[in-house]
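**Student:** This is what each chain is made of:
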Amino acid sequence: MQDVWSGSISLGGDDLRDLNQEQLFEHIAFVFQDTFLLSDSAMANIRAARPDASDAEVIHAATMAKAHEFIASLPQGYATPLGDGGVPLSGGERQRIAIARAFLKDAPIVILDEATAYTDPENEVAIQQALSTLLARKTVIVIAHRLSTITEADKIIVFDNGSVAETGKHDSLVANGGLYSRLWAAQQASDQWGFNMPEEQHA
Amino acid sequence: MHNITARLNISNAKFIRSTLYAVGEAFLNGAPLGVIYAVLITLLSPSAPSFNVTIAIIMLLACFTVQAFCSIRSHKLVCEYAFELGSRIRIALGEHLRKLPLGTIFSRDSGHNVETLLLDVTNVELTASHIYNKILSCIAVPAMIAVILLFINPFMVLLLLSTLPPALIFLYLSHKKMDILGGRMLTARKDSTARIIEYIHGIQTFKTLNITGRAFSRLTNTLQHLTSNSIRFESFIWPVTELYAFTASLGIVCILYVGGTHFIEGSLPLFQFLLFMLVALRFYIPINSVGPYISTLSYLKHSADNIDALLSSTEQTGSITSFPQDFESIAFRNVSFAHGSKQILRDLSFTAGQGTVTALVGPSGAGKTTIANLLIRFWDRQSGTITIGGTDTQTLSPDTILQNVSLVMQDAYLFNDTVLENLKMARETATESEIMQAVEAARCKDFIDRLPRGIHTCIGENGALLSGGERKRLSIARAILRDAPILILDEATAALDTENERLVQQAFSAVGKGKTVFIIAHRLSTVRNADQILFIEQGQIAEQGTFSELLKLNGRFAHFWNLQHAISQWKLRRSNDCEASAA
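So the protein sequences, as listed, match chains F and R. Counting in the numbering used here, the first sequence runs from 1 upward without gaps. Counting in the numbering used here, the second sequence runs from 1001 upward without gaps.
One or more of the hints may lead you astray.
Claimed, not checked - Lysine to aspartate or glutamate pairs mimicking DMTMM-like chemistry, simulated, CA-CA at most 25 Å apart: (1) R:Lys1513 to F:Asp3; (2) R:Lys1207 to F:Asp18; (3) F:Lys169 to R:Glu1499; (4) R:Lys1342 to F:Asp14; (5) R:Lys1207 to F:Glu69; (6) R:Lys1342 to F:Asp84; (7) R:Lys1552 to F:Glu122; (8) R:Lys1207 to F:Asp40; (9) R:Lys1342 to F:Asp55; (10) R:Lys1342 to F:Asp34; (11) R:Lys1099 to F:Asp84; (12) R:Lys1301 to R:Asp1191; (13) R:Lys1207 to F:Asp34; (14) R:Lys1513 to R:Asp1483; (15) R:Lys1207 to F:Asp191; (16) R:Lys1207 to F:Asp14; (17) R:Lys1207 to F:Glu57; (18) R:Lys1445 to F:Asp160; (19) R:Lys1207 to F:Glu22; (20) R:Lys1445 to R:Asp1483; (21) R:Lys1342 to F:Asp40; (22) R:Lys1342 to F:Asp160; (23) F:Lys155 to R:Glu1499; (24) R:Lys1552 to F:Asp191.
Unchecked claim - Among the chain F residues that face chain R by a calculated CB cut under 8 Å, a handful are: (25) Ser39; (26) Pro88; (27) Ala189.
Hints are computed from structural coordinates only; laboratory data are not their basis. We put the CB at the ideal spot given by N, CA and C, even for glycine.
Please work from the sequences and hints to get the whole structure.
**Tutor:** Here is the structure:
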């Protein structure tokens, strides 16, 4: 999306700037916080990830992404118009369309940017199961605010003001007593927060 | 177009005056022919009386001067009329869009709205400023010439007009076809605008899906469609209008042949024959040029129809501008709402007391956000009533309701202006210290200080310079600054990082005191202290009560609560572990 000004980013030893963008994106699937929908049918929206995919492949990807059920219940099923001027979807539903796209694309690298942002618990289970299936045998980069989702990561990189503050596994980072451990403690506290709660319960 | 001027109550006086000047101009356009006729008579008469050149020159100069004056006046008036019309239409469309329920706006492709506001209005302006005027003078000039010549030789005038009926048949037939082709071209234009807007908005997604550039057939197909429709439209205009012009111009041949024969037979004087030859060359120029104008008019008419259709969509009702200050309660009674064929809310009723906190929880897509949208009249309910202190919200002006609500939505829209102006939008009269307080409470101070020009930094379209969390915090600062009696938080702290989330939560607890609060939240711990929790499922209230009551009920809410606890233990893992973690 943007090129580095100094330093380099390499993939298997090749500088990213030497790859053309289309080759690069062929190997990466993204699931962002916000999913952009085309003003087109649900079928076309998922198929955008691989234009030559058959209807059966699209439906299979939707099923894997736990999106099949809600799409089937839309007024015209897979032919229902979505996006601008179409039937509005909730955030959790849009997210599953993005995951269905990632399934259809089946790229070796997956980047998740806040992909497990809040939705209702049933949806969240569905999304998490879908993601777990998607991630099998992939190289995964997760961008997360909810630290509980990344405690099992092979490597956690903590950024502060644009530079790397710490790296390591969850347990060692918590034990270090640095930025990560402070974030972890704050999150445990904010998970307990309730609107209108008497002050003493905040602590 | 008449519909629009009537709807907007626009006076046609300037247009009529301009038309009168145009007719005067046309008359004077024909007048020199009279002078030349007089000169011809004098020169050709056998008695050869004295010929006064000076009078002829003065008359010609007078004709030209008055004609120029009429032309200038006519154009000035018609331009004033047209651009006033354009600006009145744009303002009316803006006002009207603001008063439409969001449902009406969202059900139209945004590209179509943009094209109506830009292209259609420009087309109507063009019609009023250049087309009508041209058509009128193109008809008036030959009409004047014909009337003058009628006094000289009616038979020759008939001859001059004889080719017009067949020519007009071509014009009439082309008009019908142009209507269809023009409509198609306009639709193709709107579709391509819609696709271009979609392309710009979704560029990030399109890049990652690798469907930018030539591979992006959605855009290229609509553009190709526009190209072929435009070519068909334009390539149809010219042959047909040329055919029309050709047929009309055959009149010159008629004059030459019939006039010549009569002249030789001696039944037509030489000076009349010469005069009609001269006139014929001039007569058909405006008649021929009216063809393309009339064809273009058939296409521009679609633009006027589009504007009229948008202006005639039903506005939201409600004129009461005094908001009930002590409203005691907000009540939904048997409220239903559907989006197209998708039923969202079904026969939903509840009451929220003034100064209490009502939480809306439940599955994604159950209708929680719709309840908030109906309360603030972003949409209008289709049946049932929503009252604030006994006053039906349908009778309250939508602006008044919004003035009394602080809103933090899932997506916040920021304007391409400075941080300060974006904040002031919440309350124009806010003092500097009030703004700083809100900025601190919403945890915006740190990032604002880091911006190159602090609070006076322009943040780009929809806050492009800021991160998602920063945009969110700025929208929270707006809500804090607004300080309205009703506070609606729709997933207000999602997307914040942990440190800021906690601080913003505390800020909310502070602003929320004494306010009537509606919280939409997926994290159920957030709503633990709400006065009432509504569990919304499939557009209905499945369960209602306090946190402990709902847990005791051991129904859907309790299920969600337990599930959420299990999930908080969830970690991103490979699929082989997935069964275990989800269980």
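**Student:** Take a quick look at whether Lys1099 (chain R) and Asp84 (chain F) sit within 25 Å of each other, Cα to Cα.
**Tutor:** Roughly 20 Å between the alpha carbons, so the hint for Lys1099 (chain R) and Asp84 (chain F) holds.
**Student:** CA of Lys169 (chain F) to CA of Glu1499 (chain R), is that 25 Å or under?
**Tutor:** Holds: Lys169 (chain F) and Glu1499 (chain R) sit about 21 Å apart, inside 25 Å.
**Student:** Taking 25 Å as the top limit, are the C-alpha atoms of Lys1445 (chain R) and Asp160 (chain F) close enough?
**Tutor:** Cα-Cα ~17 Å, so holds.
**Student:** So if I understand the rule, the pair passes when the alpha-carbon distance is 25 Å or less; does Lys1342 (chain R) with Asp84 (chain F) pass?
**Tutor:** At roughly 16 Å apart (the allowed maximum being 25 Å), Asp84 (chain F) and Lys1342 (chain R) satisfy the hint.
**Student:** Take the C-alpha atoms of Lys1513 (chain R) and Asp1483 (chain R), compute the straight-line distance between them, and say whether it is at most 25 Å.
**Tutor:** Distance ~11 Å between Lys1513 (chain R) and Asp1483 (chain R) Cα, so the pair holds.
**Student:** Taking 25 Å as the top limit, are the C-alpha atoms of Lys1342 (chain R) and Asp14 (chain F) close enough?
**Tutor:** violated, 50 Å
**Student:** Does Lys1301 (chain R) pair with Asp1191 (chain R) here, judged by a C-alpha cut-off of 25 Å?
**Tutor:** holds, 19 Å
**Student:** Given the hint that Lys1207 (chain R) pairs with Asp40 (chain F), test it: the Cα-Cα distance must not exceed 25 Å.
**Tutor:** holds, 18 Å
**Student:** Holds or violated: are the alpha carbons of Lys1207 (chain R) and Asp191 (chain F) at most 25 Å from each other?
**Tutor:** violated, 36 Å
**Student:** Is Lys1207 (chain R) close enough to Asp18 (chain F), meaning Cα to Cα at most 25 Å?
**Tutor:** holds, 17 Å
**Student:** Between Lys1207 (chain R) and Asp14 (chain F), is the straight-line Cα distance small enough, at 25 Å or below?
**Tutor:** holds, 21 Å
**Student:** Should the hint that Pro88 (chain F) touches chain R count as held when the rule is a Cβ pair under 8 Å?
**Tutor:** Check passed: Cβ of Pro88 (chain F) comes within 6 Å of chain R, closer than 8 Å.
Hint compliance for this structure: hints 1, 4, 5, 15, 22 are not met, and every other hint is.
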